[in-house]
Amino acid sequence: MGDARVTPAPVPGKDRIVETVVGAARASYGRLIALLAARDGDLAASEDALSEAFAAALKVWPTRGIPANPDAWLLTAARNRLINAHRHEAVKARGMDEILRRMDAPSAAREPIPDQRLALMFVCAHPAIQEDVRTPLMLQTILGLDAAQIASAFLVSPTTMGQRLVRAKAKIKAAGIGFKIPDLDALPERLEDVLSAIYAAFGTSFDAVAGSDDCTMSLAEEAIFLARLLVSLMPQEPEALGLLALMLYVDARKAARWGTDGAFVPLKGQDATLWERGKIIEAEDLLVRASRLNRLGRFQIEAAIQSIHVQAPITGTTNWAALRSFHELLLTHRPSIGAFVSYAAVLQAMGQGRSALEVLSSLNASDVSTYQPFWVTLAAAHRACDEPAAAAVAMERAIGLTENPMVRAFLLRERAG
Amino acid sequence: MQFMLIMNETEAERNKRNDPAEAGAYWGGWTAFVQAIQQAGIVINGDGLQPPHTATTLRIRDGKRVVQDGPFADTKEQLGGYFVIEVPDLDTALEWAAKSPAASGGSIEIRPIMPPPPQG
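Chains as they are written, first to last, in our numbering: chain H, 1 to 417; chain P, 1001 to 1120.
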């Protein structure tokens, strides 16, 4: 490497150029968008300008070589396009000029551009933005996923998703939502919105009941990337650490969740040697770091629950008493349908089928009528109480509400006994 | 809002109907889905259909009737059944479509039902 100031290297092959552009797109997309949009809050125009800049890079770099600082080149190109687009307006880009001047300096050739992505995350999860579009907005602006990919993950038509994203961006601009980190008094609530938006990308069906950890339809990798980013930008936020730990615990079991024939394997039947040790160790460390900060919250509790499940193969027994306490704690912090159903599953596994049934029957029927984990747990609880007829009815409903074909096949086998 | 869930199956999936090794899981999955969607109280109408080889297709061309054996087009996936459901929006229709065994054993087309034409 040596001298960073080198004039562009001899023109490399086309493949290398494409590779560099794709690499830059992946690594820097969100950074560049955050910086471009922070100027006037116009995400849509920033995205257009940046995609034009990427297209220009593909055209120019093959003849002139890859610039010493590709990010700065892309930023300049995108910004020039933005200025052209707004030529009639007075351009107030003094801050940007300063950034660019510093980046153009030879010594800065490898310096990263300033990171505004945290502010962008808070914009995407702003309370003024409709809840169902916060996660899609984050996935699009920070990771550069297209509307069609996002639509599929959220089971929405691509047209609808495209419209929601366009409307949300228009709202950000029109409402003048500021690209900044919220003030301290507003921070906890606003941070929770950011965390929830990231978690929504991870998928929600796996967390409800031990043994139905199915998250194949989710954007797990993307969610983990976002959580890592958040942790690196806010290392002192215990709930951010907790969220990352939670997702790593669940993701670590990915390989064990599906047998060699593709069949679904529930948690209690999984081969723990297939779990990814690196992720579990990282999750444990994160949880310890979070606990030192002394502010308990929902994600840390959920991560602790996962931690207990993961320890079972090591100690040889599941610590049900601890699981029960953590679930009770979760219910005081964040009572949700998923948390109640999960609590009932723990009671049932502890041999308290009757108490499990009581918890389940206390839930509002309309809240659970299409919630698959409720019916799986209800079936297990009825079975534990020696009520085969009621168990069969609940199991039938669970199977009918299952989306994943492998999980459906598993439940059909369970029912057959 | 009313939608039709048009459920298409591959031949391999459809053959499970009569395959002793697969029929139990095939019908088990469908029966459970049909019950779940019925219990949700959103079904207006719905049926499974006999296999495509039982179809007969009729056209009138240049004033002549043309009757053919088989479905109107020979495609990889064939219509296997349908539901007409009443749900608040497309998102909800998509959620139900995703739970159907046809989602993994074929595909589901979701179409809004046309309102009656304006009375002149």
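For the record, the hints were derived by calculation from the structure and aren't laboratory data. Even for Gly, the Cβ is constructed at its ideal location relative to N, Cα and C. Watch out, some of these pointers could steer you wrong.
[Said to hold, decoys possible] So the derived label-pair ranges between C-beta atoms look like this:
| no. | chain 1 | residue 1 | chain 2 | residue 2 | range |
| --- | --- | --- | --- | --- | --- |
| 1 | P | M1114 | H | A263 | 39 to 47 angstroms |
| 2 | H | G259 | P | R1059 | 14 to 22 angstroms |
| 3 | P | L1058 | H | L274 | 30 to 38 angstroms |
| 4 | H | S152 | P | I1113 | 18 to 26 angstroms |
| 5 | P | M1114 | H | R277 | 26 to 34 angstroms |
| 6 | P | Q1050 | H | R16 | 44 to 52 angstroms |
| 7 | P | E1022 | H | G178 | 56 to 64 angstroms |
| 8 | P | K1064 | H | L58 | 33 to 41 angstroms |
| 9 | P | P1112 | H | E328 | 41 to 49 angstroms |
Verification of the supplied hints:
no.	hint	result
1	P:M1114 / H:A263: 39 to 47 angstroms	holds, 43 angstroms
2	H:G259 / P:R1059: 14 to 22 angstroms	violated, 49 angstroms
3	P:L1058 / H:L274: 30 to 38 angstroms	violated, 57 angstroms
4	H:S152 / P:I1113: 18 to 26 angstroms	holds, 24 angstroms
5	P:M1114 / H:R277: 26 to 34 angstroms	violated, 57 angstroms
6	P:Q1050 / H:R16: 44 to 52 angstroms	violated, 58 angstroms
7	P:E1022 / H:G178: 56 to 64 angstroms	holds, 58 angstroms
8	P:K1064 / H:L58: 33 to 41 angstroms	violated, 57 angstroms
9	P:P1112 / H:E328: 41 to 49 angstroms	holds, 46 angstroms
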